[in-house]
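S.K.: In the order they appear, the protein sequences are chains A and B.
According to this note's numbering, the stretch in the first sequence is residues 259 to 498, in order.
According to this note's numbering, the stretch in the second sequence is residues 259 to 498, in order.
What the hints contain is simulated information worked out from the structure, not anything from laboratory work.
These numbers were taken from a predicted model, which means no experiment stands behind them.
Idealized CB from N, CA, C, for every residue including glycine.
Certain hints may be false.
As a list, the in silico BS3-like pairs of lysine-lysine whose alpha-carbon atoms are at most 27 Å apart [claimed, not checked]:
#, chain 1, residue 1, chain 2, residue 2
1, A, Lys473, A, Lys450
2, B, Lys429, B, Lys261
3, A, Lys271, B, Lys410
4, B, Lys450, A, Lys450
5, A, Lys473, A, Lys410
6, B, Lys271, A, Lys410
7, A, Lys468, A, Lys410
8, A, Lys314, A, Lys356
9, A, Lys410, B, Lys410
10, B, Lys429, A, Lys410
11, B, Lys367, A, Lys271
12, B, Lys314, B, Lys356
13, B, Lys261, A, Lys468
14, B, Lys334, B, Lys468
15, B, Lys410, A, Lys429
16, A, Lys429, B, Lys450
17, A, Lys427, A, Lys450
18, B, Lys261, A, Lys410
19, B, Lys271, A, Lys271
Restraint ranges, calculated between C-beta atoms of paired labels, are given here [said to hold, decoys possible]:
#, chain 1, residue 1, chain 2, residue 2, range
20, A, Arg350, B, Gly376, 50 to 56 Å
21, B, Asn481, A, Asp310, 42 to 48 Å
22, A, Asp310, B, Asn374, 27 to 33 Å
23, A, Asn451, B, Arg458, 23 to 29 Å
24, B, Leu373, A, Gln354, 53 to 59 Å
25, B, Asp452, A, Lys261, 26 to 32 Å
2 protein chains.
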Amino acid sequence: MSKPNLYTVISPKLLDIYDINNSVVVIIDVFRATSTIATALYNGAERIVPVDNVQKCIEIGNQITNSITAGERDGKVIEGLQYGNSPAEYPRSFIQGKTLVLTTTNGTKLLHMALNNGAAQVITGSFPNLSAVCDFLATQNRNVFLGCSAWKDRVNLEDTLFAGAVISKIKQHFTIHCDTSLMAEQMYNLHKNDMYAFARLTTHWHRLSKFGLEKDLEYCVTNDVANVLPLYKDGNLIIG
Amino acid sequence: MSKPNLYTVISPKLLDIYDINNSVVVIIDVFRATSTIATALYNGAERIVPVDNVQKCIEIGNQITNSITAGERDGKVIEGLQYGNSPAEYPRSFIQGKTLVLTTTNGTKLLHMALNNGAAQVITGSFPNLSAVCDFLATQNRNVFLGCSAWKDRVNLEDTLFAGAVISKIKQHFTIHCDTSLMAEQMYNLHKNDMYAFARLTTHWHRLSKFGLEKDLEYCVTNDVANVLPLYKDGNLIIG
Chain A
259 MSKPNLYTVI SPKLLDIYDI NNSVVVIIDV FRATSTIATA LYNGAERIVP VDNVQKCIEI
319 GNQITNSITA GERDGKVIEG LQYGNSPAEY PRSFIQGKTL VLTTTNGTKL LHMALNNGAA
379 QVITGSFPNL SAVCDFLATQ NRNVFLGCSA WKDRVNLEDT LFAGAVISKI KQHFTIHCDT
439 SLMAEQMYNL HKNDMYAFAR LTTHWHRLSK FGLEKDLEYC VTNDVANVLP LYKDGNLIIG
Chain B
259 MSKPNLYTVI SPKLLDIYDI NNSVVVIIDV FRATSTIATA LYNGAERIVP VDNVQKCIEI
319 GNQITNSITA GERDGKVIEG LQYGNSPAEY PRSFIQGKTL VLTTTNGTKL LHMALNNGAA
379 QVITGSFPNL SAVCDFLATQ NRNVFLGCSA WKDRVNLEDT LFAGAVISKI KQHFTIHCDT
439 SLMAEQMYNL HKNDMYAFAR LTTHWHRLSK FGLEKDLEYC VTNDVANVLP LYKDGNLIIG
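Pulled out of the complex, with its shape left as it was, chain A reads as follows:
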């Protein structure tokens, strides 16, 4: 039996050049949406509702009991919402049993693109749940698309590095004819032992570190500290 294919999609704008029908799409938004999603679920959130705008976030938040609304733009909590986009805001003592209604720009947009284009399964990936993502992908026998959320469609390195981390762990299960994947894997291998230092060179780190988020960003490039699988089902991300 031939192996399924794996591709890395380095910006949401490139997703529609691929046929993602019946595939698994991994939404990657390392700084910080998908790291926060893994963390909140790991710490006992009942579910996460990803929405693409602030108004919808508030409306859905009002409809669900025991929910909180969250979202950031430029490192600050959005007016009208209650919390931000930092994994540090969601310890077990706070988030357990709650529904997190989360609005993000880049990640949510990509998630809806994946669903609209026929993906069979959509999961979210980040360094804090690297192993859970790899274990899942290796056993699905479906084509896989590692979807980097990027920043306003501009390529970012941290999402690409996460794709590389996945590839380096599970490539033996896939056929990979994809230069982006080759590049992502080599960049990851080059920097897996200096990730904290290297991540400081990325544009997104520069953007966010101004807001005192350095500790947050270090957490977001740490492997397996919130090792669950966020799986999209009926409008929610739940533990798969």
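Starting from the known structure of chain A, arrange chain B on it as the hints suggest.
M.R.: For chain B alone, kept in the frame of chain A given last:
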């Protein structure tokens, strides 16, 4: 005075997220259009007319005396045209004084996008004319966009590596806040001493080497063997 900015655009689909007004755009199509363009001009072609389809190629070829028409799809000369897209087809003994009317898919599309979006100057770059490109860019005092032609919008490694080669040589002249540029430069530094071997791992090499083009491809990753600057002016690429 602040330095101009430099960005790497890893696929034509990402060009329109940048403001390229008044900038220099470098069209990069290493395998093999821009390598062939540099070579033909270096060997004395009077000019190159880049066109985006076969019909136009034939029509323009008929209008210009001492011209030849050229273009390939999948490693073969297109029916109705006279020559292919290999730099080896254009030695001085053949091309000197002639006009080359060349149709390519990826490179020509990107060139027209750059012109339509307000680029002040459009040049073409490839390893055979690496130094000429760098010398030009370093002295223009304009923002620079290194535009990878990719393959049907899919990222390819050889164009990205060329962007990295340019960056490694002239980065001191620019402000660079661009993760793609950081990645391109690191990939280039990782492989500049094993370029022939590494290029064999790219998807495009696989695609083209089936047609016996290995020698061609090796030439296309060799620095400065056709070191002229192809500059777009009034519909033609001429030596700038």
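S.K.: Which hints, by number, does the structure contradict?
M.R.: Of the numbered hints given earlier, the structure breaks none, since each of them holds.
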